[in-house]
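Colleague: Chain by chain, the residues:
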Amino acid sequence: MWLKSFLRRVQGLWLSETIHKEISEELQFHIDMRVEENIRRGMTPDEARRDAERRFGNPMQIKEQGYDVRGARWLETIWQDLRYGARMLVKNPGFTLVAVVTLALGIGANTAIFSVINALLVRPLPFAEADRLVMIWETHPDIPRAPVSIPDFQDWRAQAQSFEQMAVHSDRFRNAALTGQGEPAYVQGSFISQNLFVLLGLKPVLGRNFLPEEEQPANNRVVILSQALWQRSFASDPGVVGKSIQLNGGSFTVVGVLGEQYPLEMDVWLPLSHLRAEDFTTRNYHRLSVIGRLKPGVTIEQARREMEAIAARLQQAYPASNKNIGVELLPLRHQLVGALRPVVLLIFAAVALVLLISCANVSNLLMAQASGRQKEMALRAALGAGRGRLVRQLLVESLLLALLGAGSGLALARWTLPLLRAWLSGLAPAKIPGLDSLGIDATTLAFTFGVSVLTGVLFGVAPALQISRIELNQALKEGGKSLTGVRSLNFSRALVVAEVALAVIVLLGAGLVVRSTQRLLRVDPGFPTDHLLSLKINLPATRYPSNERGNEQGDTQINNFYQKLIPRIRALPGVRQAAVIDRLPLAPSGAITPFWAEGQQPDAGKEPVMQTRSVDHRFFELMRIPLRSGRLFSEAEITNNPGHFVVVNETLARRFFPKQEPIGKRIFIRGPQREPIAFPIIGVVADIKDVGLDAPVEPESYFPGVGREATLLVRTAIDPLSLASAVRQSVLNVDPMLPLQQAHSVEETLSASIARRRLTASLLSAFALLALLLATIGIYGVVAYSVRQRTQEIGIRRALGAHASDILKLVIGRGIAPAVLGVVFGLAGALALSRWLTTLTADLLFEVRATDPMTFVAIAVLSLVVALLACYLPARKATKVDPLVALHYE
Amino acid sequence: MTSKQKADLLQGTLDLLILKALSLGPMHGYGVGQRIMQMAEEMLKIEEGSLYPALYRLEEKEWIKSEWGISENNRRARFYKLTPAGRKQLNIEEENWLRFALAMGKVLRTA
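Chains as they are written, first to last, in the working numbering: chain A, 559 to 1448; chain B, -11 to 99.
There is no bait here: all hints are sound.
Label pairs and their computed distance ranges (CB to CB): (1) A/Gly600 <-> B/Ile58: 23 to 29 Å; (2) B/Ile80 <-> A/Arg972: 52 to 58 Å; (3) B/Ile58 <-> A/Pro651: 53 to 59 Å; (4) B/Asn84 <-> A/Met601: 36 to 42 Å; (5) B/Leu12 <-> A/His578: 26 to 32 Å; (6) B/Asn84 <-> A/Pro651: 41 to 47 Å; (7) B/Ile80 <-> A/His578: 32 to 38 Å; (8) A/Arg599 <-> B/Asn79: 34 to 40 Å; (9) A/His578 <-> B/Ile58: 18 to 24 Å.
Computed list of lysine to aspartate or glutamate pairs in EDC-like fashion (alpha-carbon distance at most 16 Å, straight line): (10) B/Lys69 <-> B/Glu48; (11) A/Lys621 <-> A/Glu583; (12) B/Lys49 <-> A/Asp639; (13) A/Lys1122 <-> A/Asp1293; (14) A/Lys579 <-> B/Glu55; (15) B/Lys33 <-> A/Glu611; (16) A/Lys853 <-> A/Asp689; (17) A/Lys649 <-> A/Glu934; (18) B/Lys8 <-> B/Glu82; (19) B/Lys53 <-> B/Asp3; (20) A/Lys1094 <-> A/Asp1293; (21) B/Lys49 <-> A/Asp626; (22) A/Lys881 <-> A/Asp1161; (23) B/Lys69 <-> B/Glu55; (24) B/Lys33 <-> A/Asp609; (25) A/Lys1435 <-> A/Glu1351; (26) A/Lys1122 <-> A/Glu1193; (27) A/Lys621 <-> B/Glu35.
Treat the hints as calculated values from the structure; they're not laboratory data. None of the values given here were measured: they were computed from a predicted structure. Where a beta carbon is used, it is the ideal one built from N, C-alpha and C, also for glycine.
Start from the sequences, fold in the hints, and give me the full structure.
Modeller: Written out as structure tokens, the structure reads:
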């Protein structure tokens, strides 16, 4: 009833048109009826109409009067309600403060997390019509998204009709040396097709894009700089276009400078034709990331079907290379931020629950206030206010509270945004599009407003209905207590059950992630990570060419470099050992190599894969990786042209040579012409966590030799970082022209590799503790209220000889019951949700199942202890009740 | 149209008359007017249009409520109905009015 009239009035605001029409129709009906009646009584139609109009009076004036009442009056009453509500809030500053703070925490957390979702998942990417951009990958049996070979891409581009155009980039120009601009520096470069920036809708801030003729190898010594590099290394020189710069010892002409919108961290772009000639002819080298712009109106599904058909044709035409190669399309946004999605949504779910708990708390506060307002309500009812009017009044107060909460929440959210930005950049090592623009925009404001209105109704409606349900006579007579008090107390207890249950669910979610992180920290990487320093080395190919056989190993400049370097490092005070590996373990080697074991050759394309790394002869000793059988590489095998043999890890030996002696057996990998090359196994070493702490050990082969791209490892006797500059200096003493990155301790690297989990765990824990805090306040509030309500009863019990401990038991017993029920419901709810929770936290959980009993027990105990504490404080106060005072309480 | 003399409507009595008319059952605005006329045996003069602002006011106070329905001659018409609050109000006002009328009568007769 009240809702209808409220809606009608709300409609009035926007639908005044409708109201005018309705009034006109109603008045017309009246006049028509009168005319009919008159005719029935014998008047002529003309007479009848004139009489009807005369009796009716001035229709315009009546319409206006009618509209004033139905259309506009409500505004005035709302204004009255608002003013009255504001007065009530000012009159109860304590209540208002607690309610607003509670709501500000809930709404603020939601606003902050929503602004993240908005920036990452809602707001358009900074590219022209970004919703039509898709990444196109090849799929291999074990690899869901793999780079694409150039001939495949050319076939795709020629055949696909779904795309306006396709462009590519190949980030194979990593760690290029930029020289001639002060200190030598590493730059990250990408080879791109000429149309890439056009397709993305990016325009250079200076100069121009590549020209089609610059795709040709004859004209390809041109480069586009990033704005960041231009500022960093060229002092924002406006005349940089046309100048020549030195990259890896070759000179390139700058043709343009690109702004900051490019989605990957990149310093320079060069034409695609810098890839090797054989990359353009064979389908075995997968080099390209492909991005396409869908034609308007074409869905990604249609494009996927077409691309799958094309891939199928390629499989038929080139079975040797393409036998198992499929195709996968991914919206660009998903490509860029897809990995963050589940984490952000998990956090959003947590803060949504926190907000619900805030609502329950404020609902309870309103309830507690209710008994004090019974008389006021009864009075207003007696003066003629309908129940609808009272409910509306109370709802307006709730909305006012919610909006105050939202205002403070917004301030809170703005304050936490820098923290969230740090969290997000810790989650993903790459550039996150939209992160820079993380802030509170119109969408977020609209969200916050919407949430606060919803919140206001949610926490306001039940108390409003409850309070306004007054037995008028009784309320006036009894001064407003008794019945409603009992009823609202039951309602409050139900709310406590609900909020404890919600808090338990959030706590469990956080608990599982925290426990996973603890487990992860206890994982043994397989080697001591302390006192270990690492420094990346990247020798430019121009000054460190491969030998005449095309090898980086053997009798080369590269080898000489390390021959000179290692003794210098080992001579530094505090250094125990130095060794070289191409890429540090604890992360995928980046070289996933198909292979097969002797006598087990599978069909082409079905080969198992292994990790491969190149190491020198000191590596195993430095890492303290024990030898299980056979032998390790000798110094001569590294420095002279290394032979074709390998050391494998135990996992490989166990899986591919079960119950056999692996030493002397051979494994095969394919060479450049797909010819099998045999590698005899000379040794088996213990497993280490080769691809990451949280991933199972993979089969791995260590090949002898050192190359241009390498990591220098130094085992120290003292704090490894204290040797960082000495080690760098030693490298520069061997080659003063070599650009160097920062040296890191391996423990730093290790901790960065689990940063994603740790950061998420701490954020979730923060929200979980907030949930627990709010639920505790809720319990406390209800128990304290019930003690106030029952002061008289407690006084009587005391007077009749009850001990303080009896009172304590009584109050705590009644207070803890809903909390216990809430814990039970929360645990049951989490169990029911566990499947959903498992998918949501899949990449956050580690060796912990979503139903982990330890976590469940711990959270249950924690919640109950806190609940007990929340009951104990008001219960203790109850024991201090003076029977005499209590009896005179009324 | 009739020989009886008609009295002008006293300020504030129209609401009471409407409530009384609706106490007999739901009716559209025209019908409310007709009922009042019949009950007053055509002794009251009402500007029929003024019924409507009064109806809207009463609805605003939630003493009556309205919805669209079909009239006896099959047209769309807005029907009004007394709410419980309206019935209570009618009782109060009836009593007040009778007491007032009684008092007025006494005063006028003694004068």
